[in-house]
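With chain A's structure known, arrange chain B on it following the hints.
Below, each chain spelled out in residue letters.
2 protein chains.
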Amino acid sequence: MTSVLHSPLPNSLDSSYWYHSQIDGCIGTTLKIKHTLLCTASPFQKIEVVDTYGLGRVLLLAGTVVFTEKDEHIYNEMIAHPVLVAHPAPRTICIIGGGDGGVLREVLKHPSVEKVTVVEIDSMVTDAINRFFPNLYGGFRDPRTELVFEDGYQWLKDCQRTFDAIIVDSYDPGGPIQSLGTEDFFEVVGSSLTDAGHAVFLTSSPELNRDKIRVTARDLAVIFPFCKPYLATLPSFPLGLCSFLLCGKTPAGAGECDRERMERLTERCRYYCAAIQQGAFLLPRSVADIFNITASNDE
Amino acid sequence: MTSVLHSPLPNSLDSSYWYHSQIDGCIGTTLKIKHTLLCTASPFQKIEVVDTYGLGRVLLLAGTVVFTEKDEHIYNEMIAHPVLVAHPAPRTICIIGGGDGGVLREVLKHPSVEKVTVVEIDSMVTDAINRFFPNLYGGFRDPRTELVFEDGYQWLKDCQRTFDAIIVDSYDPGGPIQSLGTEDFFEVVGSSLTDAGHAVFLTSSPELNRDKIRVTARDLAVIFPFCKPYLATLPSFPLGLCSFLLCGKTPAGAGECDRERMERLTERCRYYCAAIQQGAFLLPRSVADIFNITASNDE
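Chains as they are written, first to last, in numbering that gives the first Met the number 0: chain A, 0 to 298; chain B, 0 to 298.
Read the hints as simulated data drawn from the structure, not as lab findings. Possibly wrong hints are sitting among the right ones.
Treat identical chains as interchangeable: a pair holds within one or across any two.
Here are the simulated DSSO-like cross-link-like pairs (lysine-lysine), alpha carbons at most 30 Å apart as the crow flies [claimed, not checked]:
#1 K211 with K33
#2 K156 with K31
#3 K31 with K69
#4 K114 with K31
#5 K69 with K211
#6 K45 with K31
#7 K33 with K69
#8 K211 with K45
#9 K45 with K69
#10 K156 with K45
Chain A on its own, in the form it takes in the complex (with noise of 0.2 Å):
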């Protein structure tokens, strides 16, 4: 889907490097870049760290922006908190992936939270993070954080522990773990979960990815009674709006969240807010069409 070009542009001027991603070779994003800090590869993928002019510094994974300085807070605040609000105390936390510590960081302004496991399957992105995203690592160096670094699948599997939230940070249904996409992975999920937990999905792109979401939603609403999309808009996620699913065994929304805690939250925060909680769960109809439920969003 996504290719990087280093080519100079043509003007004799002012040659500069530019990143330059398509979507069916069709629409294109462009960066300009300042330099690359980082070009290396792990056993599992391309890894690369170079500062641009518009966004700061950004991390590529197999040639793919994960997440840059400019708007990571966008996508680590909107993965974490609806899904943490919806635990009156959640105390125990899996993020599968999260090996950049965005999700930890936002997980850790939670004050019940006692215990986070990170569970990423590549230690060279978290040594990258250590290195160029100090704003981003903090989490790790937190005595409640635990990390592993081994297959999310595989581990949580095999760790017979329940979490009050399970937060599933993978990039890329094609990345290097595609056993995250599975309906055996949602059903480990599913039975990993508190009785008041709730597990968040993130379902990328709705506009490129529609198929994959219908099968992605179908196969969740199996194992989870209780699903729910809702969206952020992210200036550097492909056409600039990312989707995410909210599931579990009991209805959520920020109702276990009261208005001081959830006060206390939005001041440590930058785009997430108890008016961002609510709309961000009110969809377009062509979002919802696709999630298949009624434009109305009645639930």
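Structure of chain B alone, referenced to chain A:
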């Protein structure tokens, strides 16, 4: 802010033309072009129509994408319907700009509408629509439509009429009609509304126009006791997000729109629906800050 480069990709087997727009020379969007259908200039601006691989036909004015066939419905539905459902039965509507016919098409979906006046400064834009966008031109043949080619500010000031809704469909604050961003114009709009009427102003991408939006929001608040911002996600828009300000003498939501009216309207829309009519006004904290409203979005 934007520029058009038609430069072939460095691929000898598939040399193609690309449209390339840049934000502050740092972040760009590229569109692969099939061919140019129109390249001309009016007394006001350069006018281009190109056929693209990913987004269908695209109208460019002064080198900037005004709309694409793929997502024009999002913009046009979202600028038209919130201001119209704020009125129990809007009869007279004025569209300032709107020579592309998209907003007009949406306005005519409201059965109470008796007369729509479109005030477009550039007749060559409407000519281009007639030739290349049949899906957008239809509204100009409707007997309820009055099409005037004049400066919107001057026309509205002189017309001595009032409207149940005024839609300011001006695509760019730096465009040919500079007068549409002034306090004088806002005053003229205010005095041209019926008592229960509302106006909507395009305030463009919140990330890119922070300072301009702050000034516009402040100036509009002087004229209108009620000012409420809302958002739509537009893949072809810079950074994917478009903001609007709904203004009037009285508060507006969908309060005047009963369930049956909303359902009939939603059936004829692709993006707009009851959920998004509510959700579009629930803003992320960072956007609420730009419009100088509290993060809780309390009214």
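query: Is it within, between, both or neither when you check K45 against K69 at 30 Å Cα-Cα?
result: within (22 Å within a copy, 33 Å between copies)
- prompt: Is it within, between, both, or neither for K69 and K211, if the alpha carbons may be no more than 30 Å apart?
  reply: both (28 Å within a copy, 21 Å between copies)
- prompt: With identical chains treated as interchangeable, where does the CA-CA distance between K211 and K45 reach 30 Å or less: within a copy, between copies, both, or neither?
  reply: Answer is within; shortest intra-copy Cα gap is 24 Å, inter-copy 41 Å.
field: Homo-oligomer pair classification [K69, K31; C-alpha up to 30 Å]
entry: both (14 Å within a copy, 27 Å between copies)
query: Which holds for K156 with K31 at a C-alpha limit of 30 Å: within a copy, between copies, both or neither?
result: neither (43 Å within a copy, 45 Å between copies)
task: Please work out whether the CA atoms of K114 and K31 approach to 30 Å or closer within one copy, between two copies, in both situations, or in neither?
output: Neither: 40 Å inside a copy, 49 Å across copies.
- prompt: Between copies, within a copy, both or neither: which fits K33 and K69 at Cα up to 30 Å?
  reply: So K33 and K69 pass the 30 Å test inside one copy only (15 Å; across, 33 Å).
message: At most 30 Å between alpha carbons: which applies to K156 and K45, within, between, both or neither?
response: Classified as within: same-chain Cα gap 28 Å, cross-chain 61 Å, threshold 30 Å.
query: With identical chains treated as interchangeable, where does the CA-CA distance between K211 and K33 reach 30 Å or less: within a copy, between copies, both, or neither?
result: Between. Shortest inter-copy distance 28 Å satisfies the 30 Å Cα cut-off; intra-copy 35 Å does not.
- prompt: For the identical chains here, do K45 and K31 meet the 30 Å Cα criterion within one copy, between copies, both, or neither?
  reply: both (20 Å within a copy, 27 Å between copies)
The structure is inconsistent with the numbered hints 2, 4, although it conforms to all the rest.
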